[in-house]
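Peer 1: Chain residues, written in single-letter form:
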Amino acid sequence: MRSDALFIGVEVDEDVARDPQLAARLAEVCPVDIYATAEDGTLRIVEENLDECVLCRLCIDATPPATVRVLKLYEEGAVLA
Amino acid sequence: MRFYEYESKEIIRRGGIPTSKGGFGRTAEEARARAEEVDGPVVIKSQVLTGGRMKAGGVKFASDPDEAARLAAEVLELEINGHMPRGVLVDGRVEVEHEYYAGVVWDGLRKQPVMLFSDMGGIDIEEVAQTHPDHVGRGHFSNLLPFSDFQAKQVIASVGVSGSDLNRLTPILTKLARLFVERDMTLAEINPLARLADGTFVAVDAHMEMENEARPRQKALLDELGVGEDETREAREPTAFEIAGEEIDRQDHRGVAGNVTEFDGNLGLVIGAGGGSLTLFDAVRAHGGKPADYCEIGGNPSVRKTCGLAKLVLSKPGVDKVAVMMSIVSNTRVDIVARGVIKACLELGHDPAEKIAIFRIPGAWEEEGFKILERYGVPYADRTVSLNEAARRAAEAV
Numbered sequence: 000m001r002s003d004a005l006f007i008g009v010e011v012d013e014d015v016a017r018d019p020q021l022a023a024r025l026a027e028v029c030p031v032d033i034y035a036t037a038e039d040g041t042l043r044i045v046e047e048n049l050d051e052c053v054l055c056r057l058c059i060d061a062t063p064p065a066t067v068r069v070l071k072l073y074e075e076g077a078v079l080a
Numbered sequence: 000m001r002f003y004e005y006e007s008k009e010i011i012r013r014g015g016i017p018t019s020k021g022g023f024g025r026t027a028e029e030a031r032a033r034a035e036e037v038d039g040p041v042v043i044k045s046q047v048l049t050g051g052r053m054k055a056g057g058v059k060f061a062s063d064p065d066e067a068a069r070l071a072a073e074v075l076e077l078e079i080n081g082h083m084p085r086g087v088l089v090d091g092r093v094e095v096e097h098e099y100y101a102g103v104v105w106d107g108l109r110k111q112p113v114m115l116f117s118d119m120g121g122i123d124i125e126e127v128a129q130t131h132p133d134h135v136g137r138g139h140f141s142n143l144l145p146f147s148d149f150q151a152k153q154v155i156a157s158v159g160v161s162g163s164d165l166n167r168l169t170p171i172l173t174k175l176a177r178l179f180v181e182r183d184m185t186l187a188e189i190n191p192l193a194r195l196a197d198g199t200f201v202a203v204d205a206h207m208e209m210e211n212e213a214r215p216r217q218k219a220l221l222d223e224l225g226v227g228e229d230e231t232r233e234a235r236e237p238t239a240f241e242i243a244g245e246e247i248d249r250q251d252h253r254g255v256a257g258n259v260t261e262f263d264g265n266l267g268l269v270i271g272a273g274g275g276s277l278t279l280f281d282a283v284r285a286h287g288g289k290p291a292d293y294c295e296i297g298g299n300p301s302v303r304k305t306c307g308l309a310k311l312v313l314s315k316p317g318v319d320k321v322a323v324m325m326s327i328v329s330n331t332r333v334d335i336v337a338r339g340v341i342k343a344c345l346e347l348g349h350d351p352a353e354k355i356a357i358f359r360i361p362g363a364w365e366e367e368g369f370k371i372l373e374r375y376g377v378p379y380a381d382r383t384v385s386l387n388e389a390a391r392r393a394a395e396a397v
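Taken in order, these protein sequences are the chains called A and B. Residue numbering for the first sequence is 0 to 80, as defined by numbering that gives the first Met the number 0. Residue numbering for the second sequence is 0 to 397, as defined by numbering that gives the first Met the number 0.
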């Protein structure tokens with residue numbers, strides 16, 4: 000799943016988005032509440048919070064490698080490494 | 000926060016300083032009752048938080064309670080500089096032999112209180128200091144160490160007061176200095192401090208201002224004086240623009256983005272908090288710029304709060320452009336502020352490159368911030384450009 004705001008976009012692999020454990024972990028680690036869980040436990044991206052992203056990488060570190068990608072849309076969509 | 004005269008006199012009375020007889024009344028009948036208590040000629044003073052009462056007719060003299068009630072009714076209807084009086088102070092008239100001035104004020108440069116004393120009371124101390132500097136005594140003192148009488152005595156003696164006057168004035172200035180510290184005042188003055196025919200002294204008029212942040216600590220005093228928690232005691236009521244700024248700042252706990260003061264210029268300012276914002280505001284004016292606002296931003300506010308503040312400033316009628324400037328930041332992220340102000344422009348349908356006169360915030364995450372600014376063509380400056388130069392560019396951009 001992918002969601003874009005003005006400055007920041009987030010791409011999450013479907014396997015991660017559908018995994019209630021990983022979804023809950025993402026919701027827990029994000030300091031600006033970009034991630035939340037839906038009623039069925041799957042991941043929901045809170046679009047209005049995307050531009051608050053502080054590029055802290057906690058979501059990247061909390062999930063299997065390369066399954067969550069933070070995109071800097073102001074830099075031609077560069078992926079936060 | 001400022002106190003009314005009747006509150007100021009009550010504060011100094013509680014501090015052990017003698018005051019002229021009298022009291023506060025909200026109605027003509029209460030004024031009559033206060034005059035009856037005085038049992039003699041009285042002066043009726045409008046209780047407003049502004050100057051120029053005498054010229055505006057807000058001070059009247061009455062010889063008996065009936066006249067006091069009649070004059071109080073007139074004064075209570077009189078608007079002075081846009082302020083309606085809260086009530087009247089009914090003060091017993093005293094036969095003054097000589098007028099002195101006693102005050103304590105916070106010296107921001109020395110970061111200490113300073114006592115001021117003059118044997119030329121009854122007029123503005125600033126005027127006396129300018130025209131008769133040898134008649135104003137000064138003395139700094141610690142607000143941490145205990146205060147000693149001799150410190151006050153030195154200041155009073157420095158203008159030539161001696162003998163029993165010196166002995167009687169010393170405890171008054173001492174009490175005022177202690178009260179200043181204990182009550183978290185920024186200004187405490189008695190003017191005039193009158194010497195009566197019998198050689199005693201009374202405070203005829205007093206003016207007190209307290210540090211706003213001390214309100215919780217001085218709650219008991221404020222409750223006793225009847226000062227409501229919602230009373231701002233500012234020189235004027237906040238404008239709709241200023242109230243909107245407070246609401247934006249209250250959106251969340253992160254950082255500061257609000258505390259705006261409205262001006263009537265055409266250059267909107269989103270400027271760094273503390274001394275930096277004051278310096279920038281002055282620098283813009285020094286270069287001929289006309290600020291539309293003063294504001295404070297810092298402590299890493301969220302993108303949403305920054306955007307809200309920038310939108311508020313940009314939406315103000317008459318604002319052509321906005322200048323975003325801070326000193327070098329360590330606790331505020333450049334990229335977050337950049338996102339906020341650019342977002343504000345775009346959401347209002349403006350081109351950020353056109354609407355932002357200059358963005359001069361160097362510091363934390365500046366590389367990321369500059370990438371964002373470049374992406375939107377916003378003119379920006381790094382730390383090699385001084386605040387003064389940035390202000391000049393901002394002023395010239397409109």
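Bear in mind the hints are in silico, worked out from the structure with no lab data behind them. By construction, the Cβ of each residue, glycine as well, lies at the ideal position given by its N, Cα and C atoms. Hints are not guaranteed to be accurate.
[To be verified] Covered stretches of chain B, as calculated for chain A (at least 3 residues, CB under 8 Å): (1) 301–309; (2) 337–350; (3) 363–372.
[To be verified] Each computed DSS-like pair below joins lysine-lysine, with the alpha-carbon atoms no more than 30 Å apart: (4) A:K71 / B:K320; (5) B:K370 / B:K320; (6) B:K370 / B:K315; (7) B:K218 / B:K289; (8) B:K110 / B:K59; (9) B:K59 / A:K71; (10) B:K20 / B:K54; (11) B:K370 / A:K71; (12) B:K59 / B:K20.
[Claimed, not checked] Residues of chain B clear of chain A, computed beta-carbon distances all greater than 12 Å: (13) L115; (14) P145; (15) Q153; (16) S157; (17) E245; (18) L277; (19) G298.
Peer 1: Between the alpha carbons of K370 (chain B) and K315 (chain B), is the straight-line distance 30 Å or under?
Peer 2: Status holds; Cα separation ~28 Å.
Peer 1: Has the given pair, K110 (chain B) with K59 (chain B), been kept, meaning a C-alpha gap of at most 30 Å?
Peer 2: This hinted pair is violated, its Cα atoms lying about 40 Å apart.
Peer 1: Verify this label for me: P145 (chain B) is non-interface relative to chain A, using a Cβ-Cβ cutoff of 12 Å.
Peer 2: holds (48 Å)
Peer 1: Hint check: K20 (chain B) vs K54 (chain B), CA-CA at most 30 Å. Holds or violated?
Peer 2: holds (24 Å)
Peer 1: Does G298 (chain B) really sit off the interface, with its C-beta more than 12 Å from all C-beta atoms of chain A?
Peer 2: Given that every Cβ of chain A is farther than 12 Å from that of G298 (chain B), nearest at about 14 Å, it holds.
Peer 1: Say whether it holds or is violated: L277 (chain B) keeps its Cβ farther than 12 Å from all Cβ of chain A.
Peer 2: holds (29 Å)
Peer 1: For the pair supplied as a hint, K59 (chain B) and K20 (chain B), is the alpha-carbon distance within the 30 Å limit?
Peer 2: holds (16 Å)
Peer 1: Taking 12 Å as the cut and beta carbons as the points, is L115 (chain B) off the interface with chain A?
Peer 2: It holds; L115 (chain B) is separated from chain A by about 50 Å at its closest Cβ, greater than 12 Å.
Peer 1: Hey, does S157 (chain B) actually stay past 12 Å from chain A on C-beta?
Peer 2: Label holds. Min Cβ-Cβ 58 Å, cutoff 12 Å.
Peer 1: Given the proposed pairing of K59 (chain B) with K71 (chain A), does the C-alpha separation stay at or below 30 Å?
Peer 2: Judged against 30 Å, a Cα distance of about 71 Å means the pair is violated.
Peer 1: Would the hint linking K71 (chain A) and K320 (chain B) be met if the CA-CA limit is 30 Å?
Peer 2: Given pair K71 (chain A), K320 (chain B) holds - Cα atoms ~27 Å apart, limit 30 Å.
Peer 1: Should the label of E245 (chain B) as a non-interface residue stand, given a Cβ cut-off of 12 Å to chain A?
Peer 2: Since the minimum Cβ distance to chain A is about 21 Å, E245 (chain B) lies beyond 12 Å and the statement holds.
Figure legend: structure checked against the earlier numbered hints; hints not met, in rising order: 7, 8, 9.
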